[in-house]
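**Q** Residue strings, one per chain:
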Amino acid sequence: MGATIIEKIFAMKCKKDVCAGEVVMAPVDNAMIHDITGPLAIQKFYEMGGKKVHSPERVTMLFDHQVPADSLEAANNHAYMRNFAKEQGIYNYDIREGVCHQVTMEMGKAAPGEIVVGADSHTCMYGAAGAFATGIGSTDMGFALKFGALYFRIPETIRVETTGSFQKRVGPKDLILSITADIGADGATYKAIEFTGETFETMDMPGRMTCCNMAIEMGAKAGIVPPDTITWDYIRHVRNVVPFSLESDSNASFIENRTYNVTNLSPQVAEPHNVDLGVDVTKVAGTKVDQVFIGSCTNGRYEDFAEAAEVLGNRKFSDNVRVIIIPASRQEYLKTLRAGLIERFVMAGALVEAPCCGPCMGGAFGLLAPGEVSLSTSNRNFKGRQGSTGASVYLCSPATAAASGIYGEITDPREVK
Amino acid sequence: MRVWKFGDNIDTDAIMPGRYLSIYDPHVLAKHAFEGTRDEFAREVKPGDAIVAGKNFGCGSSREHAPIALKGAGITMVIAESFARIFYRNAINVGLLPVVCDKAGSILEGENVMVDLIGGYLIVDGRKLSIEPIPEFLMRIVDSGGLVEYACGLQEVPVCTASHQ
Ligand code: SF4
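Going down the list, the sequences are from chains A and B. Using my numbering, the first residue of the first sequence is number 1, and each one after it goes up by one. Using my numbering, the first residue of the second sequence is number 1001, and each one after it goes up by one.
None of these hints come from the bench; they were simulated from the model. A virtual CB, placed ideally from N, CA and C, is assigned to each residue, including glycine. Worth double-checking, as some hints may not be accurate.
To be verified - Listed below are the simulated BS3-like cross-link pairs for lysine-lysine, each with C-alpha atoms no more than 25 angstroms apart in a straight line:
#1 A:LYS383 - B:LYS1031
#2 B:LYS1046 - B:LYS1031
#3 A:LYS417 - A:LYS288
#4 A:LYS335 - A:LYS168
#5 B:LYS1005 - A:LYS383
#6 B:LYS1071 - B:LYS1005
#7 A:LYS283 - A:LYS383
#8 A:LYS383 - B:LYS1128
#9 A:LYS168 - A:LYS383
As the list claims (entries may be wrong) - Stretches of chain B that chain A covers, calculated by requiring three or more beta carbons in the stretch to come under 8 angstroms of a beta carbon on chain A:
#10 1086-1096
#11 1100-1111
#12 1119-1125
#13 1139-1149
Only chain B is shown next, with the shape it has when bound in the complex:
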């Protein structure tokens, strides 16, 4: 899969501009991903491509339209030095894999990258880069394929207190 390289602090307004937020269809949203900031992305992205970015990817608005659009565009994983909290969790919930790699900066535009989650590393054109493990409670959601799939089978959840108040 080919790498699309981005910098630091890529916010969710850049990933999905505010004027499209009344749309929820992943494929329609995908057509507007990075509109105005990187127009060739929506035109040229191919299923299986990856995004590689610097610090604080997905900062700003909680709009799930952002990871949904990337997934709709065929992106399967986003590798970054760090993620904004809400985006990270949203990505896992919708089945887009966020990978934290402190050496993300060494990955170049257009390189090929593969991930081994169990081994805990990326293979980038033959180089091996270690990645941070996904927290255990979120890994269960990743394994299910997303939060909807995880929650589907549950009737109740083990809330940490019996009484509600």
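So here's chain A without its partners, still in its complex pose:
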């Protein structure tokens, strides 16, 4: 029997054949902590009797959820983590670089065949780099900091096979919203999702990141795109590793196979208050919106802003909408700036913020009042996620967000001429 790509990664790390369902104590190549889950992880590390972090050079630390510190608690948490970084010799990106997942990818902290953990559920995004990457809680992170390893139950894999190419102004976010609607919010619980086929083979890295990022929205432990020339080309710029081949064997056993053809896919919008409530944009077109957010680890890259700007053209955003645009990292900010898009967005009436999570997690700024409606390119629309539990959040692509920002209501981006 052949092995899945996930089984192969664990087999490489553990230097023995392993299969799904087995539990292993595997070494961790990189561990990411941020300002929300980090302080607790550090506290747990100490409670476990930790004195020296196992491998400080394998820890990625940064602040992104509440930056610049937006409360005294946040300031205290940042200070606590800064001290820990100094004490342990951990390099701290502090508030300089942006959203944890984007920065982890940019800094080359995830590469094909590696095992990466992060104290954040969207850590599964690094599957776009061909890594096995999974989100963990703070206590597990405390353990990983102390021992440089963690218990993993090797997950079964759902194979998603895609064909076709997207229509104009339809893209990866629409695909992943439709896959999520199909598989359901718990349809991949404990499993990994391998994204394959023609559509993924031709998809750029930002698109793959968007899709892997949202694997958790189906309950998955990891999402992964088998590394190919597009992956290695990206990795080459951020990390010095020699390419090797890594893919599921043709006779590997998958717990499920699903196929999707994107040729006729319409722009998708996830209705409140669950991510698996995706529908064609035409079904909700005309819904009035109060706030549009373009950003987050899901869709806060240059390519996303370029897509939004293409739809926007020389128009202005509606006076009835607050449009908030936040690049996911300093690098993405600079690319967007140099392309002249920041100026275009500001001229159109948007508020452009420095790299951070922003309204995505509902803890910092950009909160919604009861009864308000937000359209967001982020990954979650749970009740209260962006402020009041009486508000509604719809999820969509950057193209749909831009189109809707122009008209003040949910708008099919294909209709914007």
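Use these hints to put chain B with the ligand onto chain A, whose structure you have.
**A** Frame of chain A; chain B with the ligand shown alone:
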């Protein structure tokens, strides 16, 4: 212990809203559990109460604030038809017992429930409902009282490969 009944897909944003995530004190967090979605919970919950829910309890964010808040509120176990993966493991790590029971839907708000982990069942107002066993490697953590307690005594762990890379 009294049962608090919830539905499917209860996410960790509902259990602990984002605006409280810079707080880590279990008792302070407990005051905000289910704020905005079920306000009477924090007011009326009693030590020893249990939560009973449908599918996918604890989905979403990895915030450990969620199980910590429930534990801080005195909840000792969460019974659900299924759990989201990160929440399940976080709960075990912090010493809150997650119990998988496919008949959780038959348990009613306010009923009394007791668990027998060794026997593998719940007793709900006299009825016996079978539960799924906790995986062996996690049971060791449950027996220790949580991952901190489990890890405290260890200097090293048996990593499945000798060399790190
Ligand atoms: S942008 Fe949103 S989903 Fe991404 S790490 Fe920040 S809060 Fe989490």
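**Q** Hints first: check each against the structure and report whether it holds.
**A** Do the hints match the structure? See the list:
A threshold of 25 angstroms between alpha carbons decides the hint, and for LYS383 of chain A with LYS1031 of chain B the separation of about 19 angstroms falls inside it, so the pair holds. Distance restraint check for LYS1046 of chain B and LYS1031 of chain B: the Cα-Cα separation of roughly 12 angstroms lies within the 25 angstroms cut-off, and the hinted pair is therefore satisfied. With a C-alpha separation of about 20 angstroms, the suggested pairing of LYS417 of chain A with LYS288 of chain A holds against the 25 angstroms cut-off. Proposed proximity of LYS335 of chain A and LYS168 of chain A is supported: the alpha carbons are some 23 angstroms apart, at most 25 angstroms.
For a cut-off of 25 angstroms, the pair hint linking LYS1005 of chain B to LYS383 of chain A stands: about 18 angstroms separates their Cα positions. Restraint check: the Cα-Cα separation between LYS1071 of chain B and LYS1005 of chain B comes to about 16 angstroms, which is no more than 25 angstroms; the hinted pair holds. Between LYS283 of chain A and LYS383 of chain A the CA atoms are separated by roughly 21 angstroms; this keeps the pair inside 25 angstroms, and the hint holds. Of the pairs offered as hints, the one joining LYS383 of chain A and LYS1128 of chain B is violated, with about 35 angstroms between alpha carbons and a cut-off of 25 angstroms exceeded.
A distance of roughly 32 angstroms separates the Cα atoms of LYS168 of chain A and LYS383 of chain A; the hinted pair therefore is violated under the 25 angstroms criterion. As drawn, the region 1086-1096 of chain B meets chain A at 5 residues by the rule of a beta-carbon pair under 8 angstroms; at three or more, the given contact holds. Closer than 8 angstroms: that is the beta-carbon criterion, and the region 1100-1111 of chain B has 0 residues meeting it against chain A, so the requirement of 3 is violated. Against chain A, the region 1119-1125 of chain B contributes 0 residues with a C-beta closer than 8 angstroms to a partner C-beta. That does not satisfy the three-residue criterion, and the hint is violated.
Proximity of the region 1139-1149 of chain B to chain A, defined as three or more residues with a beta carbon under 8 angstroms from a beta carbon of that chain, is established by the 3 residues found.
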